[in-house]
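Undergrad: Got chain E; can you put chain X on it based on the hints?
Residues per chain are reported as follows:
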Amino acid sequence: MTIADTQPQMQTAPQTAREIGDAWSRMVARRRLYTGLGLAILFIAFVSSVRFADESNAGHFFDRLPHLFDFLSWLIPKDWSDVYRALFDLPSPNGANGVGGEEFNFPLGRVYVWGNFYIPEYFELMIITINVALVSTIIGFVVALPLSFFAARNMSPSNPVRLVTKRIMEFLRAFPEIVIAGLFSAILSIGPIAAIIAVGLHTIGALGKLFYEVVENIDMKPDEGMKAVGASWTERVRFGALPQVMPNFMSYALLRLEINVRASTIIGAVGGGGIGEELKLSISRGFGAKTVALVLLLFITIVAVDQFSAWLRRRLVGEHAFFLQH
Amino acid sequence: MSVIDASRMQDIEARYPEILHRSFRQRFGALMIFIGVILYGFYAVWFFDLPKVITEAHWERVGIYLSEWVSYDVQPEFRISGDTISIKYPRFSPLGDNPHPDWVTNNPDGSLTVSVSGTSRAVTITKTQAILTAHGVTIPIDITGDVPKVIGSEPVPAWMTVYDDNILADMGFAGNVSISTDRVKIRKRFIGWANFVFDTHSPFFDKPASEVVSLIVSGPRLNPEESNLSLAFDNVWNNGAWQHGDVWTKLFQTIVMAFLGTLLGSVVGFPLAFLAARNITPNRLLNQVLKRFFDFLRSVDMLIWALFLTRAFGPGPLAGSGAIFLTETGTLGKLYSEGLENIDNKPREGVKSTGSSTILVHRYGIIPQIVPVIVSQTLYQWESNVRGATIIGAVGAGGIGLKLWEAMRTNANWENVAYMVLLILIVVFLFDAASNALRTRLMGTQNR
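These protein sequence lines are chains E and X, in that order.
Position 115 of the first sequence, counting from 1, maps to 115 under our numbering, and the rest follow consecutively.
Position 424 of the second sequence, counting from 1, maps to 424 under our numbering, and the rest follow consecutively.
One should not assume that every hint holds.
[To be verified] So the derived list for chain E, only partly shown, Cβ under 10 Å to chain X, looks like this: (1) Asn57; (2) Asn131; (3) Gly182; (4) Phe184.
Think of the hints as simulated: they come from the structure by calculation, not from any bench.
Every residue, glycine too, gets a C-beta built ideally from N, C-alpha and C.
If we strip away everything but chain E, and leave its shape as in the complex, we get (with noise of 0.2 Å):
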């Protein structure tokens, strides 16, 4: 249903009252004949879509619904107080040093810095995929930056490079970040890097994306009077673009920092390291305590994170809203 389907289509303007009345029920008729077909479209499309999923799924969803929380009651610790000691690598008293094998034995992961002074494991693993996330910003900020003026219309100088660029951002974008990042883990054996680059290039896609659209929406009035005085094309965005969109820069590569924590957290699932990988790993294996540990310090350090980013974005911008992109 279009807007222009809704409009009564006249070929003659009604004369009377009464014609002018049948032309709005008919209206009214059409869009709800449109949306009806639409809803039950969509109706149909989900329902057959839920059988779909639940016909290929491993356990049927009413068989397994009793049991949804089975898994959660089996993680839940049998002594709440684990969940700090594993937070911390302390010893713990259920399963005495080395004896309850790893699902208690928390110092096994301590990381020692400095004489007795250590970072637990899991610190050491969230600021691995805080670094991660923030490298792999970097990068796609510092790069986006230059490929988003050759993306936008109004500043690009030739279509065909403002083309080219747009199909790079558009196929970074869209380029399954397991596959980088597999790719990426042969070459340069497991660990993080290997999610930098992947996280890397796909934040060169969004970010790019989003930084040509608001070079796209900018005053061209300092664009014009750096022309006339004869500017070249660097000067151009540099000081007539570039002081512009840089609150708007920052405040979306902040947004994208945040996404990038939790993507870091996912990459490290399959096998970029990090915080993801020892979730995955703890939660597979059935580790109570360890899981609510890590869940809590994910939880946290995403918040904060958030939170962080919104007080910045706000000082930066002010009170705007920005959409979530992927």
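TA: Chain X alone, transformed into the frame defined by chain E:
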């Protein structure tokens, strides 16, 4: 040209102090950030031990993997025992069970010549020698002793490596030859995707396209049970090497997961957004509780939901849909409630002034304003979930992700990876285009 004297300069300075005397932060802020980022860069290089990682990287694999994306190889083995040279092709060879490739020629004197790349790179195998021809030289290798020995030619050329009991000759992209005393192994590489349509077990295998078509259209039944068309389709769909059926089903699962998750998320998020919007529901506590709930759903993240739900429902698209549903409820709930908070209040007041009930006020005063936001956001999220769902697939939540991950982990099926990546890219681009078209049509000309 007018000249500004000192008094006028001071006058201007006094009038616009904010331009000429900027604070330290204004003057050096950007520079400080720049320096900070550079310093952080150095820290990151140290933190991730970049120099070591780079030097220890197997860069030669880049070329190998990338060439494996678009090529396949055949690895025949020539066993020399006594007087006979027997050829053995590996099981599941892309050439089928009984190949007689034209690049292996039987010479009259009983020796075999295998062309690795035309006539310039070839190896001739006799009972006593393997004669390598490559890079413009011919090097015979004696294989009668305990270890293979290069005859003459000292030192051996750079493209040959002599190990304890075998000699490896690298022939570039075309493949390599490994020579030991009782066998010569050849890896010959071809551009293209072998057996992409029919695998070696299919009766249609290795037949030219015209013959396949004529068989399907008017040939005798190859299998009395079913027509040639359905046999051909079955052979393509269940192709052993490429698993078209499985790949396409998994791809469809990914799309369905994104669709179900986004739709359910929007259905649940929509009423909640009304309760979370502070201008519609005046209860501050309820607003805050719901907004934090949305934050919670989003920040626990798709990955954790996926891991949790795969435990509950078993691996498959149900778990993936559930994970997307939970995160999407958070995302869409937040976006909808922000949209609701930005609406114009006047239509609501107008509808209210006619004495309508709350439901009618919402229906006619609010919904028409919010529909464009809802539709465009939901479409956008669906599209980006199709992109994102490949990853959670890799942790077992159904869809093509797991298949992709498994193909990569074996380090052998890079051509299958390329095929799946290609399919994903096509789907993502189609969705991009479709959702853009739908958005612009629904919202008039506005294209976010």
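Undergrad: Run every hint past the structure and note whether it holds.
TA: These are the hints, each one checked on the structure:
1. Asn57: The hint holds - E/Asn57 has a Cβ within 10 Å of chain X, the shortest such distance being about 3 Å.
2. Asn131: holds, 6 Å
3. Gly182: holds, 4 Å
4. Phe184: holds, 9 Å
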